[in-house]
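**Student:** Between the sequences and the hints, there should be enough to build the whole structure, so can you do that?
Residues per chain, in single letters:
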Amino acid sequence: MAKILIPTPLRQYTGNQDTVEAGGATVGDALKSLTTQFPDLRKNLYNDEGKLRSFVNVYVNDEDIRYLSKEATPLGAADSISIVPSIAGGR
Amino acid sequence: MAEAALSKEEILRYSRHLIMPEVGMEGQLKLKQAKVLLVGTGGLGSPTALYLAAAGIGTIGLVDFDVVDYSNLQRQVIHGTKDVGRKKIESAEETMRDINPHISIVKHEVALTSENALGIIADYDIVADGTDNFPTRYLVNDACVLLGKPNVYGSIFRFEGQASIFAAPGGPCYRCLYPEPPPPGLVPSCAEGGVLGILPGVIGVIQATEVVKIILGKGETLQGRLMLYDALNMKFRELKLRRDPDCPADGKCTKIHGLIDYHQFCGVPQQSAEAEPPPPSPGNIEVTDLKAKIDRGDNFRLIDVREVHEFQIGRIPGSTLIPLGELPKRLSELNPEDEIVVHCKMGGRSAKAADLLRAQGFKRVINVTGGILAWSDKVDPSVPKY
Chain A
40 MAKILIPTPL RQYTGNQDTV EAGGATVGDA LKSLTTQFPD LRKNLYNDEG KLRSFVNVYV
100 NDEDIRYLSK EATPLGAADS ISIVPSIAGG R
Chain G
277 MAEAALSKEE ILRYSRHLIM PEVGMEGQLK LKQAKVLLVG TGGLGSPTAL YLAAAGIGTI
337 GLVDFDVVDY SNLQRQVIHG TKDVGRKKIE SAEETMRDIN PHISIVKHEV ALTSENALGI
397 IADYDIVADG TDNFPTRYLV NDACVLLGKP NVYGSIFRFE GQASIFAAPG GPCYRCLYPE
457 PPPPGLVPSC AEGGVLGILP GVIGVIQATE VVKIILGKGE TLQGRLMLYD ALNMKFRELK
517 LRRDPDCPAD GKCTKIHGLI DYHQFCGVPQ QSAEAEPPPP SPGNIEVTDL KAKIDRGDNF
577 RLIDVREVHE FQIGRIPGST LIPLGELPKR LSELNPEDEI VVHCKMGGRS AKAADLLRAQ
637 GFKRVINVTG GILAWSDKVD PSVPKY
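In order, the protein sequence lines correspond to chains A and G. First residue of the first sequence? That's 40 in my numbering, and the numbers climb one at a time after it. First residue of the second sequence? That's 277 in my numbering, and the numbers climb one at a time after it.
Mixed in with the good hints there might be a few duds.
Claimed, not checked - Where chain A lies over chain G, by a calculated footprint (3+ residues, C-beta under 8 Å):
| # | stretch |
| --- | --- |
| 1 | 310–321 |
| 2 | 405–415 |
| 3 | 418–428 |
| 4 | 431–439 |
| 5 | 446–455 |
What the hints assert, rightly or not - Looking from chain A toward chain G, a few residues come up when the C-beta cut is under 10 Å (computed):
| # | residue |
| --- | --- |
| 6 | Met-40 |
| 7 | Pro-48 |
| 8 | Tyr-52 |
| 9 | Gln-76 |
| 10 | Asp-79 |
| 11 | Gly-89 |
| 12 | Arg-92 |
| 13 | Asn-96 |
| 14 | Tyr-98 |
| 15 | Glu-102 |
| 16 | Arg-105 |
| 17 | Tyr-106 |
| 18 | Ser-121 |
| 19 | Ile-126 |
| 20 | Gly-129 |
To be verified - Below, simulated DSS-like cross-link-like pairs (lysine-lysine); rule was C-alpha separation at most 25 Å, straight line:
| # | chain 1 | residue 1 | chain 2 | residue 2 |
| --- | --- | --- | --- | --- |
| 21 | A | Lys-82 | A | Lys-109 |
| 22 | G | Lys-516 | A | Lys-90 |
| 23 | G | Lys-531 | A | Lys-109 |
| 24 | A | Lys-82 | G | Lys-628 |
| 25 | G | Lys-363 | G | Lys-628 |
Think of the hints as simulated: they come from the structure by calculation, not from any bench. Note that the structure is a prediction, hence the values are computed from the model and not measured. Note that the Cβ used here is the ideal one computed from N, Cα and C, for glycine as well.
**Tutor:** So this is what it looks like as structure tokens:
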């Protein structure tokens with residue numbers, strides 16, 4: 040099981056959990072398991088074509104999956120996934 | 277540039293810098309010769325401006341057109357209670373001058389736009405972005421990329437902050453991190469989502485630190501790293517931030533050729549302080565008309581779609597709370613044949629609720645223009661504003 044770190048803006052869709060355990064051999068599998076557990080998250084992570092939204096970045100440990108194998112990036116048991124959406128607040 | 281030197285007073289003032297080898301006289305003179313532009317003098321801009329003024333940055337530009345409001349004082353520490361109603365830029369300047377009379381402060385009392393951004397930023401060495409919306413974030417980024425000026429970035433939401441450096445020579449830019457903005461409404465702003473007042477202090481001070489390090493040319497900056505700060509769990513993390521491989525390593529971002537219409541890019545209508553309220557339509561109601569409706573004893577349901585903690589601050593009598601996020605699951609509590617009047621804080625969320633209800637077959641749905649803030653302004657001032 041990989042650990043998925045949920046950012047503040049998305050915690051309203053995970054029952055306020057900041058960490059969710061999700062199984063899967065790849066990042067895509069783990070995110071699928073996450074959105075199965077929390078279906079409301081799906082539209083915030085994926086667009087209508089089922090692709091990850093371009094204002095949501097996904098990291099395995101500290102590396103952006105766009106520079107690994109994207110959603111096919113393999114996951115080890117000790118890996119953690121970070122979902123990092125853009126936030127704009129400053130005032 | 278004229279030979280800069282420190283006066284006796286400045287030497288005393290900066291003595292704790294001058295005795296450190298990483299700064300010393302040479303570094304302090306670099307700080308004095310530096311020109312830094314702070315976009316926004318709000319949550320992030322306040323601590324950044326205070327510390328950069330104290331550190332002796334020779335020229336600090338301020339961009340802001342806003343006025344100090346009571347709801348700013350919980351975090352915008354450069355402004356005080358006496359400043360409520362004053363221009364932020366004036367209030368910020370006064371505080372900075374009090375901290376350090378040896379620096380120049382340049383005031384740009386404008387909203388940064390595609391028309392003026394390049395002209396304003398061109399005069400500075402470094403930009404610190406403390407804005408609060410996606411259109412301005414992309415504008416600042418693109419202008420910094422085009423001009424080759426480092427953009428020291430900070431962003432906050434509730435208990436969570438991000439910081440990095442964009443557009444430094446050879447480094448990634450904001451578009452490498454997020455090629456496109458979120459569609460409007462999907463990512464709440466601080467005004468909608470709230471923010472811990474201390475959070476911008478931490479992130480703004482990180483920005484100030486990075487500005488000083490860039491000027492001194494010392495240490496390892498945040499270039500190529502995205503710093504994440506979670507105040508609730510008191511955790512700092514960092515992620516690798518890479519330059520988009522499609523961008524030439526020694527050249528400009530391939531996506532940015534000039535400044536564009538950023539409101540259009542972000543899918544949000546141009547916001548203006550003097551914006552006309554939307555024209556009356558059958559789907560909208562003014563708060564005064566809502567009051568008349570209640571007083572007449574009209575038969576309708578008044579639904580408040582704010583969050584429970586907002587409901588606890590104040591409410592319109594007779595309203596039922598169904599937060600927007602719960603509405604799809606709680607439709608069974610409403611009768612599609614009833615007249616349903618929806619309201620929120622300012623009218624944005626309730627407009628979404630009205631759309632949602634109409635799409636679900638509710639025939640008579642009315643949105644309260646201006647929400648409970650308008651109610652407080654025009655009907656019942658005893659309802660607190662927040």
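**Student:** So, for every hint listed, does it hold in this structure?
**Tutor:** Structure-based check of all given hints:
Restraint check on the stretch 310–321 of chain G versus chain A: 5 residues with Cβ-Cβ distances below 8 Å, three needed, restraint holds. Here the stretch 405–415 of chain G counts 7 residues with a CB under 8 Å from a CB of chain A, which clears the bar of 3, and the coverage holds. As drawn, the stretch 418–428 of chain G meets chain A at 0 residues by the rule of a beta-carbon pair under 8 Å; below three, the given contact is violated. With 7 residues having a Cβ less than 8 Å from any Cβ of chain A, the stretch 431–439 of chain G passes the three-residue criterion, so the hint holds.
Proximity of the stretch 446–455 of chain G to chain A, defined as three or more residues with a beta carbon under 8 Å from a beta carbon of that chain, is established by the 3 residues found. Proximity of A/Met-40 to chain G is violated relative to the hint, the smallest CB-CB distance being about 20 Å (cut-off 10 Å). Hint status for A/Pro-48: holds, given a least beta-carbon distance of 6 Å to chain G, under 10 Å. Checking A/Tyr-52 against chain G: minimum C-beta separation of about 8 Å stays under 10 Å; hint holds.
Taking 10 Å as the C-beta contact cut-off toward chain G, the hint placing A/Gln-76 at the interface is violated, the least distance being around 17 Å. Taken as an interface hint, A/Asp-79 checks out: its beta carbon lies about 8 Å from the nearest beta carbon of chain G, inside 10 Å. At its closest, the beta carbon of A/Gly-89 sits 16 Å from a beta carbon of chain G; the interface hint therefore is violated under the 10 Å criterion. At a threshold of 10 Å, the smallest CB-CB gap from A/Arg-92 to chain G is about 7 Å, leaving the interface hint in force.
About 7 Å separates the beta-carbon of A/Asn-96 from the nearest beta-carbon of chain G, less than 10 Å, and the hint is met. Below 10 Å, beta-carbon pairs count as interface contacts, and A/Tyr-98 has one with chain G at about 5 Å; its hint therefore holds. Hint on A/Glu-102 holds. Least Cβ distance to chain G is approximately 6 Å, under the 10 Å limit. Annotation: A/Arg-105 was flagged as interfacial toward chain G, and the flag holds, the nearest CB pair being 8 Å apart, inside 10 Å.
Interface restraint check: A/Tyr-106 against chain G, minimum CB-CB distance 6 Å, threshold 10 Å, status holds. Here the hint on A/Ser-121 is kept, as its CB sits about 7 Å from the closest CB of chain G, short of 10 Å. Taking 10 Å as the C-beta contact cut-off toward chain G, the hint placing A/Ile-126 at the interface holds, the least distance being around 4 Å. Taking 10 Å as the C-beta contact cut-off toward chain G, the hint placing A/Gly-129 at the interface holds, the least distance being around 4 Å.
Note on A/Lys-82 and A/Lys-109: the hinted pairing holds, with a Cα-Cα distance of about 19 Å set against a maximum of 25 Å. Among the hinted pairs, G/Lys-516 with A/Lys-90 is consistent with the structure: their alpha-carbon atoms are about 22 Å apart, no more than 25 Å. Simply put, G/Lys-531 and A/Lys-109 have alpha-carbon atoms about 21 Å apart, close enough for the 25 Å limit, and the pair holds. Between A/Lys-82 and G/Lys-628 the CA atoms are separated by roughly 16 Å; this keeps the pair inside 25 Å, and the hint holds.
A C-alpha spacing of about 33 Å is found between G/Lys-363 and G/Lys-628, which places the hinted pair above 25 Å, so the restraint is violated.
Checked against the numbered hints given earlier, the structure breaks hints 3, 6, 9, 11, 25 and satisfies all the rest.
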